[in-house]
Structures are given as structure tokens and as C-alpha cells.
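Novice: If you want the building blocks of each chain, they are given just below.
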Amino acid sequence: MGHPVDRSDDDLLRAVAGGDTAALRVLYERHAPWMSVRLMRRCNDQGVIAEVLQDTFVAVWRGASGFRGDGDVGGWLWGVAIRRLVSRLRSAGRTTQFVPLEAVPERAEISVEERVLTGVEYGDLGSAMGRLSPEMRAVVQACVLDGLTEREAAQLLGVQRGTVKSRLHRAKAQLRRDLVEGLT
Amino acid sequence: MNTPSVELRGVRKSFRGTTALAGVDLDLYPGVVALLGPNGAGKTTLLRVLATVLGPDAGAVRILGRDPQDGTQRTEIRRHLGYLPQELTYPRGFSAYGFVDYIAVLKEWGDSAGRREQVRRALEQVGLGDVAAKRIRALSGGQRRRLGLAQALLGSPELLILDEPTTGLDPEQRVSLRHVLAELGRTATVVVATHQTEDVAALCERVAILDEGAVCFDGTVRDLVTVAENRVWIADEPDPRARTSWRTAEGRYRNLGDAAPAGAQIVPASIEDAYLLLRRTSGSDAEVAA
Amino acid sequence: MTDAASWHADGDALRRWVSGTAGSMTSISVEQHVQRCADCRSAVATLVPAAPLEQVWDNVLADVEMPRLGVVHRLLRTVGVGPSDALVISSAVTLRFAWLCGVIGVLGFAVVAQLLAFDHVLGLFLVAAPLLPVAGVAAAYGPSVDPMYELVQVTPYLMVRLVLLRTASILVTSAPLTVAVGLLMPAPTAVAIIWLLPAAGFLAIVLTGSIWYDPLYLAGVVIVGWITAVIVAARFGHQLAVLAPGALAGYAGIAIVAVAVLLSRVIGSTPSWRLR
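Residue numbers (the numbering used here), protein chains in the order written: chain A, 1 to 184; chain B, 185 to 474; chain C, 475 to 750.
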């Protein structure tokens with residue numbers, strides 16, 4: 001049909017805002033695969049994930065004009081998706097289906113190279129995260145990794161907003177201490 | 185030949201004193217048929233009679249083996265009919281998909297899952313698959329014309345009636361329309377009213393020419409061209425013996441007449457030549473039987 | 475933290491992440507990276523099964539393309555009206571919006587005038603009450619007001635059915651309101667309901683007449699005729715004369731004749747009123 005596949009995500013979103021379903025399709029092909037995987041790691045119900053993915057892209061269609069063109073389309077899309085997941089789990093009363101970030105140790109077989117690379121990427125963040133309590137890890141995942149606001153995280157985790165705030169504060173402080181200590 | 189899908193015998197229709205159809209006799213068969221004729225010849229009226237929008241004042245009409253004067257049979261005809269009027273205004277607030285979907289519901293697809301399939305298929309056949317979600321007012325003129333065509337194509341009707349379908353289409357779109365119609369013409373009867381002779385050549389196997397409310401030619405395209413054989417010649421000046429002449433791109437004159445004079449430079453005839461010759465003649469010498 | 479662009483998740487990490495066997499450290503890294511890296515995203519796309527995603531896409535496209543049904547449409551479907559009937563009725567709503575505003579405007583004005591004790595409020599009511607449905611019907615169908623008229627005519631859906639359903643919906647929406655306002659009028663209570671007879675007569679004229687003439691034209695004739703009748707009655711006697719028993723019999727008679735004509739045409743057209 002004459003749509004160059006190398007249009008930027010920004011351009012595609014603009015086209016979607018103008019009513020172009022072909023552009024939505026390209027966005028879908030680019031982003032749905034990784035989003036579906038990342039969503040599965042938050043909730044292991046395939047049926048729910050399929051519905052969330054569908055809701056997400058319909059929401060993208062309707063709200064594409066709301067994207068402030070700051071270039072991070074992937075992040076914006078993820079924000080839409082994670083919020084859809086949270087609201088779907090909440091309305092179904094199944095927030096316990098939300099899989100918390102476990103302190104899962106790495107398998108011994110990962111290559112040394114990869115260890116080094118991921119170590120460089122996130123420093124000792126991974127192991128520092130492992131030393132956090134599960135509650136603090138949960139708020140870090142919700143607020144830092146998934147980009148939820150404190151209020152949304154509170155709704156997801158079923159705690160007060162103040163609790164999220166203080167746990168996040170303590171988690172960040174602990175991580176900072178860990179990483180600084182790691183350097184010295 | 186097998187039974188005709190449409191039979192018209194002595195069909196007359198007048199509006200407030202003006203005669204639109206003055207005794208039309210016509211049989212139509214599966215395939216693509218062109219209805220050629222000048223403006224005011226009665227093409228639109230004839231198509232409206234075929235589409236069961238109008239009933240004749242006199243004469244017999246049989247469409248798909250049924251009588252459109254009878255209510256039940258008329259509804260049955262409409263189940264197998266697709267119609268694109270000459271002018272189509274669109275209602276406000278519809279998307280392309282929504283418009284075709286509306287007609288699909290009225291064509292009795294109700295709630296079925298098949299309806300979405302049919303609507304998508306019709307839109308894709310006319311190349312509007314990617315803009316289905318757009319508002320009609322956001323579409324170009326050519327796209328709107330194709331949208332009208334899409335609703336006519338819904339459900340692959342047995343009788344497809346198109347009044348000037350190619351207006352507003354660029355050459356590329358015309359070509360794809362020809363493919364679509366040729367495909368449909370294998371099983372359905374497709375009637376295309378047009379005054380563009382190039383469309384006739386490219387689209388249709390048969391031609392019917394309507395002039396002043398009556399059929400003055402009904403046959404294959406080849407037979408039509410034969411009418412003008414040896415009656416077209418080129419000269420440096422317009423020939424007074426010709427019935428009509430006009431200037432060509434090369435600066436010479438193309439002449440059309442009853443017979444090319446001896447020694448004249450005869451050129452191959454086109455559909456347009458034949459059409460013009462037939463138009464200027466009235467009476468039996470112009471009629472060529474199918 | 476290092477610049478994300480300079481680090482790519484290698485194939486093995488991606489594979490483990492996709493299969494769900496990656497440790498949390500790897501997962502965090504991959505997730506944060508993939509969000510921003512087009513190359514790794516396409517690598518992930520090759521690792522994820524396509525069929526389920528295709529199915530989701532089909533649903534997305536359907537959601538996005540299919541027109542959202544209005545409130546009226548959904549309401550009608552809930553009470554059991556069929557899909558084509560509901561469509562035909564609710565699609566007239568856009569045509570009728572202006573009319574609906576007119577109805578509310580006129581009746582609202584009558585209420586205000588009554589409350590403020592204006593003199594000619596009864597005359598206004600008498601004029602307006604039967605004409606509101608007529609105007610509504612004229613705005614609801616017909617080649618002059620409905621751009622899709624010819625296309626709809628050529629579908630198997632019966633035009634007669636469309637006309638009757640739209641007329642019924644107009645009566646349902648305007649009649650109760652008019653009756654309520656009628657009860658406020660300085661006249662016998664019967665006036666609040668009796669206007670339905672001339673209304674029925676006029677509607678019958680417009681509906682049956684539309685077999686031959688444009689309903690907009692017919693409605694115009696009816697409107698002018700009725701206004702004249704009320705004015706004449708007011709000048710030469712009392713305006714309620716238009717609702718005298720003799721007149722009422724007349725309206726009823728017209729309605730019966732017109733309905734008979736309509737029925738005879740309809741029965742000739744189809745044995746059954748139900749749409750498949």
C-alpha cells in the first residue's frame with residue numbers, strides 16, 4: 001500500500017491520531033510482542049494478557065493525540081498497558097494475580113560476558129534489589145520499573161499511598177547505601 | 185444462449201411530460217455490459233428501473249426471473265442487487281466502515297459475524313481497507329466514489345448496477361476497478377452506465393447504446409466497432425462529404441461518414457467513432473442486431 | 475548507569491526473558507532496554523508466536539473500525555428490537571435532533587407563557603400540538619432529508635417499515651411531553667389528549683401521501699392548513715372549534731381512509747411484517 005516500514009514510532013502515532021489503521025498495525029507489529037512478554041511476567045494468565053493487549057491498542061487508537069512527542073513511544077505504550085492490566089485485575093478483584101518481582105537468582109550458566117555486561121548496565125543494582133524486602137521490591141518495581149504513580153501503585157498493592165511513599169523512600173535510601181558502599 | 189438475467193420489453197417512462205424511456209427492448213446476460221449514451225438519453229432512468237427504484241409506465245420488466253411490480257418478488261430481487269447511483273451524498277457523522285456497515289445491516293446481515301467479513305471485503309475490493317476507520321468527510325472525492333461502489337458490491341450481488349462508477353477515479357483506480365468488475369462479471373450481470381468510451385473498451389464485453397429513450401445498438405464491442413469499419417478516414421482538411429470531422433493531435437482531420445470516399449486514407453475505427461455514427465442516424469439502417 | 479544504546483541484550487538473554495526463565499536481574503535489564511531499542515524489539519518479535527498476536531490484532535481492528543452504537547441504539551437492542559429496526563430508528567435521531575430541540579423549545583415556551591399568564595397560550599398549544607409530530611415525521615425520512623434514501627430503498631428492508639418505525643418513535647418521544655403540557659393549559663382537561671386526533675389525521679395524510687409526494691411538501695401543506703384553521707376558528711368563534719365533535723369526526727375519518735389506503739398498498743407488497 002505504500003507505507004514505508006521504516007517510519008518512526010512518532011510518525012506512526014501521529015498517523016494513528018489522524019485515523020490511519022495501517023499505521024496502528026505497524027505499531028502493533030513492532031510493540032505488541034515485547035509488551036505481551038513483559039505483561040506475562042506481571043500476570044501469568046494468558047487470557048487476561050490477551051484482553052489487556054487488545055484494550056491497550058484500542059486505547060492507543062483513541063488516545064494517540066494525547067502523546068506528547070518526547071520520543072519515548074515504547075515507554076508511553078508500556079504506561080498505557082500496565083495501567084490497563086492494573087485496572088483489569090482490580091475490577092476483577094484479582095490483584096493477587098499480579099506477580100511480584102522475585103529475588104530470583106541468576107542461573108549459573110549465563111555467560112561471563114553477559115554477567116559483566118548486565119553488571120555494567122545496572123551495576124550491583126540487581127543484587128542490591130535482591131537485598132530489599134519483598135514489600136520494598138514491589139514498590140520499586142511498580143514505581144521505578146513500570147512507571148506507575150504512587151497513587152496507582154498504592155491501588156495495585158492494596159496499601160495506603162503514604163505506605164508506598166515511605167517504602168519507596170526507604171528502598172531508594174537502602175539501594176543508594178548499598179551501591180555507595182559497593183563502590184568504596 | 186442461456187436465459188437472460190434481465191428482460192425489458194417496450195418499457196416506457198415519462199416524467200411530467202418529458203419522455204425518458206420510449207419503448208426499450210433489451211436483454212441482459214451475465215457479464216459486463218456497458219450502457220452508453222449521451223446525457224439525457226435515459227440511462228439513469230433505465231438503471232433506476234433495473235434497480236427497482238422506479239416502475240415503468242408501460243411495458244414488461246423481468247429481473248433475475250422475477251417481476252418487480254410484485255412486492256414480495258421485488259424484495260427478493262433486492263436481496264441480489266447492488267446499486268450505485270450517479271450522485272451520492274453521504275450522511276454526516278459516518279466513517280467509511282460505518283456507512284458500508286449500515287447498508288450491510290439493511291441487507292439482512294443482522295448480527296452475524298459474516299457481516300464484518302463482508303464489509304471488510306467490500307472495502308478492500310475498492311482499495312479502502314486502510315482508511316475504513318476514517319470519517320467520510322476526511323476522504324477525497326475519488327475515495328468517496330469508491331465508497332459508494334463498496335456498498336454496491338456487498339455480498340457479491342447477482343445484478344450490479346453502476347451509474348458512472350469511474351467519475352473521479354484516476355487511471356490507476358480505473359484499472360483496479362476493471363479487475364474487480366471483470367471478476368464479478370464471471371457470474372454476475374454488471375451494468376455500467378457511462379459516457380466514457382475508453383471505459384467501454386476496457387471494461388465490457390457487450391454494449392447497449394441508448395439514444396432518446398430507445399436502444400439503437402445492442403451487441404458485442406467488436407460488433408459495435410464493425411459498424412464504423414471503412415467509414416473513418418483521415419485527411420488534411422475536414423471533408424464536406426463526412427457527417428462529422430474533428431482535428432487530431434497531429435493536425436490533420438478525422439472524418440466520419442456513411443462511407444469513406446474512394447482513395448481516402450481509411451483508418452481503423454474506434455468505439456467512439458461507431459458511437460458517434462450511430463447517434464446521428466435514426467431508423468433501421470443504424471440498428472445492428474445482437 | 476551506562477547509556478542504554480551501547481548495550482544490547484544478547485540473543486540468549488532475550489530468549490530466556492521471553493520464555494520466562496531469566497533471573498530478575500536479567501529481566502529488569504532486558505525490559506528497560508527493549509522499551510527503547512527497536513532492534514531488540516524486532517528480535518523479540520521473532521521469538522514470540524505470531525498466531526495469538528494476530529488474533530488480538532483482529533479484535534483490535536474490529537473494535538476500532540466498527541461504529542460505536544449510540545445510547546438510543548443500545549437501549550432499543552436491550553428491549554429486544556432487531557438489529558435493522560434499531561439501526562433505522564436510531565439513525566433518524568441525528569436527523570431529528572433539531573426537531574427534538576424544536577419540540578422542547580415550543581413546549582417550554584408554552585409552559586413559561588402559561589406560568590406568566592400570557593393570553594394566547596391556548597392558541598399556541600392548539601396550533602403546535604398536532605404539528606410537532608408532523609414536523610418530526612417530515613424530518614425523519616424522505617429524499618429531501620435523508621441522503622441515503624435511495625440506497626435504503628434498494629435494500630430488502632421495507633421502506634414502509636422504516637417509515638412506520640420512525641413515526642412511532644417520534645410519537646413516543648413527543649406525545650407524552652405534549653400531553654403533560656396540555657394539562658397545564660387553561661382549557662378543559664380533554665384538550666390535553668384530544669389533539670391526538672387531528673395529529674393522527676395529519677400523520678396519516680403525510681405518510682400515505684408520501685407514496686406519491688415528497689413528505690416534506692405534504693407536511694408543509696398540512697402545517698399551513700392547520701394554522702389557518704385555528705386562526706380562522708379564533709376569529710369567527712372560539713379557537714376550540716377546531717376540536718369540535720364534528721371536526722374530530724373529520725380527522726378520524728381522514729385517518730381511517732389514509733390508513734386503509736396505506737394498508738392496501740402494504741398488504742399487496744408483502745404477506746408478512748416480520749423481517750427475517
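No wet-lab data here; the hints were simulated from the structure. This structure is a prediction, so every number in the text was calculated from the model and none was measured. Mixed in with the good hints there might be a few duds.
If you want the ones that stay clear, here's a sample from chain A, every Cβ over 12 Å from chain C, calculated [stated by the list, open to error]: (1) 19; (2) 41; (3) 51; (4) 56; (5) 83; (6) 88; (7) 90; (8) 130; (9) 133; (10) 137; (11) 140; (12) 149; (13) 154; (14) 166; (15) 177; (16) 181.
Computed beta-carbon distance windows for the label pairs [what the hints assert, rightly or not]: (17) C:650 with B:298: 37 to 47 Å; (18) B:436 with C:685: 55 to 65 Å; (19) C:739 with B:413: 30 to 40 Å.
Where is the CB? At the ideal position from N, CA and C, for every residue including glycine.
Novice: Taking C-beta pairs only, is residue 130 of chain A more than 12 Å away from all of chain C?
Specialist: violated (7 Å)
Novice: Over 12 Å to the closest beta carbon of chain C is the bar; see if residue 19 of chain A clears it.
Specialist: Nearest chain C Cβ is 10 Å from residue 19 of chain A, so the label is violated.
Novice: Take a quick look at residue 140 of chain A and tell me if its Cβ sits farther than 12 Å from every Cβ on chain C, holds or violated.
Specialist: violated (10 Å)
Novice: Does the no-contact call for residue 83 of chain A survive, Cβ to all of chain C over 12 Å?
Specialist: Consistent with the label, residue 83 of chain A stays out of reach of chain C, its closest Cβ about 15 Å off (over 12 Å).
Novice: A cut-off of 12 Å on Cβ-Cβ distance, and residue 88 of chain A was said to be off the interface with chain C. Does that hold?
Specialist: holds (14 Å)
Novice: Once the closest CB in chain C is found, is it more than 12 Å from residue 90 of chain A?
Specialist: holds (22 Å)
Novice: Does the Cβ distance between residue 739 of chain C and residue 413 of chain B fall inside 30 to 40 Å?
Specialist: At 53 Å between Cβs, range violated.
Novice: Would the non-interface assignment of residue 41 of chain A survive a Cβ cutoff of 12 Å against chain C?
Specialist: About 7 Å separates residue 41 of chain A from the closest Cβ of chain C, which leaves it inside 12 Å; violated.
Novice: With 12 Å as the threshold, tell me whether residue 181 of chain A passes as away from chain C on beta-carbon distances.
Specialist: holds (18 Å)
Novice: Residue 137 of chain A: least C-beta distance to chain C exceeds 12 Å?
Specialist: Non-interface label fails for residue 137 of chain A: nearest chain C Cβ at 9 Å, not farther than 12 Å.
Novice: Just checking, residue 51 of chain A versus chain C, shortest CB gap more than 12 Å?
Specialist: violated (9 Å)
Novice: Checking the smallest CB distance to chain C, is residue 133 of chain A really beyond 12 Å?
Specialist: holds (14 Å)
Of the numbered hints listed earlier, those contradicted by the structure are 1, 2, 3, 4, 8, 10, 11, 19.
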